[in-house]
Amino acid sequence: MRQFWQLYKRNRSAVAGLIVLALVIVMAATAQLFYPADPFSLVGRAMSPPGQNGFLLGSDSLGRDVAAGIAHGAKTSLLIGLLATVVAVGFGTIMGGLAGYYGGKIDDLLMRTTEMFQTIPSFVFAILLVAIMKPSIKSIVIAIAVVSWPAVARLVRGEFLSLKNREFVQACHTLGMSDVRIMLGEILPNCLSPIIVIGSLMVATAILIESGLAFLGLGDPNIMSWGFQVGAGRTLLRSAWWVVTFPGIAILITVLAINLVGEGLNDALNPRLRERQ
Amino acid sequence: MSLLEIRNLNICLPEGSERERAVEAVDLDLAPNEILCIVGESGSGKSLTARAVMGLLPKPHVRVVDGSIRMDGEDLVNVSDARMRDIRGSAISMIFQEPMTALNPVMTIGDQIDEVFRFHVAMRRKERRMRALALLDDVHLPDPEHIMRAYPHELSGGQRQRAMIAMALALDPKILIADEPTTALDVTTQAQILKLIKEMQAAHNTGVLFITHDFGVVADIADRVAVMQQGKLVETGTAEEVLNNPQHPYTQTLIDAVPSLTPRPPRDQSEQPVLQVEGLTKVFRSGGSIIGLGAAERTVTAASDVTLELRHGETLGIVGESGSGKSTVARCIVRLIDADNGKIMLNGTDLRPLGRAEMRPYRASIQMIFQDPFASLNPRTRVGKIIMQGPLLQGVSQTEAQDRARELLSIVGLDERAYGRFPHEFSGGQRQRIGIARALALNPDVLVADEPVSALDVSIQAQILRLLDEIRERMALSMIFITHDLRVAAQVCDRLAVMRYGEVVETGPTAAIFADPQASYTKELLAAVPGRTWRAA
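Heads up: the sequence lines are chains A and B, in that order.
FYI, my numbering numbers position 243 of the first sequence as 243, with every residue one higher than the one before it.
FYI, my numbering numbers position 340 of the second sequence as 340, with every residue one higher than the one before it.
Isolated chain A, as found in the complex (with noise of 0.2 angstroms):
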């Protein structure tokens, strides 16, 4: 763990990172401290330029306080970009996983299933899903986990087609050790490096699906999250420029430094990149 982080730091732009994602997630743990109102309440006058009427950044066409929104919408943000990665690595880990283990028909089926979800247009996908199961959280956050999958799913099924003929896997073999063990006990924890990159990366892009389809008025109605800000603030742009602003930098520090934090722990974490300095 001392080694990892021995290396992480080596890295400034992903320290850099990793300190701008901890203040996000304080101030989406925070958010109801400093405003424990709705944030869907109409607090005050609308259309307040930042700093005054007691708005930090101003308020939008209807009164509702920006900050406020962007504390709020941080947690809606961080908690569907998390669970959408987790659901989707868990499933394209077991659907790469079995497919590379076991190969011939079994590879060629899930593979060819793969492909299917890989060739629909990934955004489009995901407005058509969500349109489909009515906007809310859960349907979000499947809509984001079923077009993120693939790329786990063929990353692992490399992983394990490189790693199941090696030597101390025939080893596992010759002592009699069930496949399912193999996999989990022996593989797995090989290729772990290569799939926590990709879920850290893959977060960020979730966070963006999500922004993206709040925007286009398909987030959970009754919830706070920046593309719902953004989306509502943009006829407003030349007039209450605060409104998309805001959110909209919020949108683009947080997928930055998730994105420098897994550039960091691929530079950790890949042995071959380890000398490059």
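One should not assume that every hint holds.
[Unchecked claim] Heads up, incomplete: computed chain B residues facing chain A, CB under 10 angstroms, no partners named:
| no. | residue |
| --- | --- |
| 1 | Arg-63 |
| 2 | Val-64 |
| 3 | Tyr-250 |
| 4 | Ala-364 |
| 5 | Asn-378 |
| 6 | Arg-382 |
| 7 | Gly-384 |
| 8 | Gln-389 |
| 9 | Leu-442 |
| 10 | Asp-450 |
[To be verified] For each label pair, taking beta carbons as the anchor points, the in silico distance ranges come out as:
| no. | chain 1 | residue 1 | chain 2 | residue 2 | range |
| --- | --- | --- | --- | --- | --- |
| 11 | B | Glu-473 | A | Gly-104 | 41 to 49 angstroms |
| 12 | A | Gly-104 | B | Ala-134 | 33 to 41 angstroms |
| 13 | B | Ser-459 | A | Arg-112 | 25 to 33 angstroms |
| 14 | A | Leu-23 | B | Thr-183 | 39 to 47 angstroms |
| 15 | B | Glu-425 | A | Gly-104 | 34 to 42 angstroms |
| 16 | B | Glu-127 | A | Arg-112 | 52 to 60 angstroms |
| 17 | A | Gln-32 | B | Pro-14 | 46 to 54 angstroms |
| 18 | A | Gly-90 | B | Ser-270 | 51 to 59 angstroms |
| 19 | A | Gly-90 | B | Asp-256 | 42 to 50 angstroms |
Hints in this document: simulated from the structure, not taken from any laboratory.
No residue lacks a Cβ here, since even glycine has one placed at the ideal position from N, Cα and C.
Once you have looked at the hints, place chain B on chain A.
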């Protein structure tokens, strides 16, 4: 007057490496028309010395810190990059260990030879072509016209190495550096390539710097020998002196560790068979698909009608070159691969038709030792757990398995502290010991060892062979020992089976096969063993 003069060469390693200098205070001379062999084990700095001459060190962390390398009086250490490029290929050229990776896979052989001419001399296209054809003919490649148009993957390993040699000699270099040029080749091909290098060297008056770890090769090819250990030059002298009367203790241990070609005295034989393989056949299929799309199906018969018998307490060697199917047979026997046909009778039970679950109870009685000690241990599992896994799967209690693992560690000559460590903390030889302990943990009757020492240095190899011998005596094991090295086979095996193209061409007691080989292929193999005249007695 020497062609190449290396004085007080020092090459540093990146910080935090095992030692500070990869090469320390090395002095070497190479005369024209001479073959100088640099011998040493892995990590001795022999390859880096050669690369320093070519100016091919992985800079900036590995670089020459002190000393000079002079070729005809010109110092190659401080020469400009442009000049070095000029020298490479024309005055000094190099052949590498693995011709498949040293040649560009997407260019034809003809184009690659042509490049050498184009970069170094002004010549007409037609003339260049004639020269290339003549070169390919010189290295005895059949049908040079065809080879010119071929891509590297279309040639065999030996042919690729010949093409590499043709390319290296294209501009009549004064110095040829050969970095383990035959290590990746089969013995019979190796013998041909060594002969070719010698012939070319004599014809062109080239000085050859030949890097190798194999004393047999040295005996075949060297005029002079330099022995390196841990970056230092420990002994130089003529081949005659060094091979037959080594002065430095390290050279002596190295030469002593080379297994003799004289088979060891036969041991008492039991007639009772443990394992009988009858008519084992395995065909690999690739390509093809259910609905007839994609590439046509290709089949390779890796084992055809193989019949073997392993008697109680003996070591049966399976020898053969790469592609002979010896590893396939081993993997079929331990049921890593399903054979298509035949019988694998272990103590009267046919293992071949058993399913995975039915096979489980028999797993313990037949265990395998793998070739690559770096790939055969899970890098994320502690050594103790690696050894315990087998017994635990067979239902032995945790404490009992732990005690057994500790006991096995001491049997294979490892410290008890190894128990809680990870595999990467150990050297190749130590890892192989861990692999052996894992195989022994289940108290097998039969041990299948697939090239267990071919990835190891010669001194380590001798230790592991001794360990295997001890264990076999102590545990009354029967062993199938797969190797491509006839020297090792002579020292380890009671009986031999010689394989070629998936078939067993000859079986018999080791001494009998060495004294009087019947099959022509066996004769060829024996004749190709490097250094067979040296230390034959």
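Starting from the range 51 to 59 angstroms, see whether the pair Gly-90/A and Ser-270/B falls in it by beta-carbon distance. Given a distance of about 55 angstroms, which is inside 51 to 59 angstroms, the answer is holds.
Cβ distance range 42 to 50 angstroms for Gly-90/A and Asp-256/B, holds or violated: The hinted range 42 to 50 angstroms is violated for Gly-90/A and Asp-256/B, with Cβ atoms some 57 angstroms apart.
Given the range 46 to 54 angstroms, decide if the beta-carbon distance of Gln-32/A to Pro-14/B lies inside it. holds, 52 angstroms
Taking 41 to 49 angstroms as the stated bounds, is the beta-carbon spacing between Glu-473/B and Gly-104/A within them? At roughly 44 angstroms between Cβ atoms, Gly-104/A and Glu-473/B fall inside 41 to 49 angstroms, so the hint holds.
Arg-112/A and Glu-127/B - C-beta distance against the hinted 52 to 60 angstroms: holds, 55 angstroms
Can we keep the Arg-63/B interface hint, with Cβ of chain A closer than 10 angstroms? violated, 16 angstroms
How about Tyr-250/B: closest beta carbon in chain A under 10 angstroms, or not? Violated. Min distance 31 angstroms.
State, for the Cβ atoms of Glu-425/B and Gly-104/A, whether the hinted interval 34 to 42 angstroms holds or is violated. holds, 38 angstroms
Given Gln-389/B as an interface hint, is its Cβ closer than 10 angstroms to any Cβ of chain A? holds, 6 angstroms
Given the hint of 25 to 33 angstroms, is the C-beta distance from Ser-459/B to Arg-112/A inside that range or not? violated, 53 angstroms
Given Asp-450/B as an interface hint, is the shortest Cβ-Cβ distance to chain A below 10 angstroms? holds, 9 angstroms
Would you settle whether the hint for Val-64/B is holds or violated, based on the nearest Cβ-Cβ distance to chain A being less than 10 angstroms? Result: violated, 20 angstroms to nearest chain A Cβ.
In terms of the numbered hints stated before, the structure departs from hints 1, 2, 3, 6, 7, 12, 13, 14 and 19, listed from lowest to highest.
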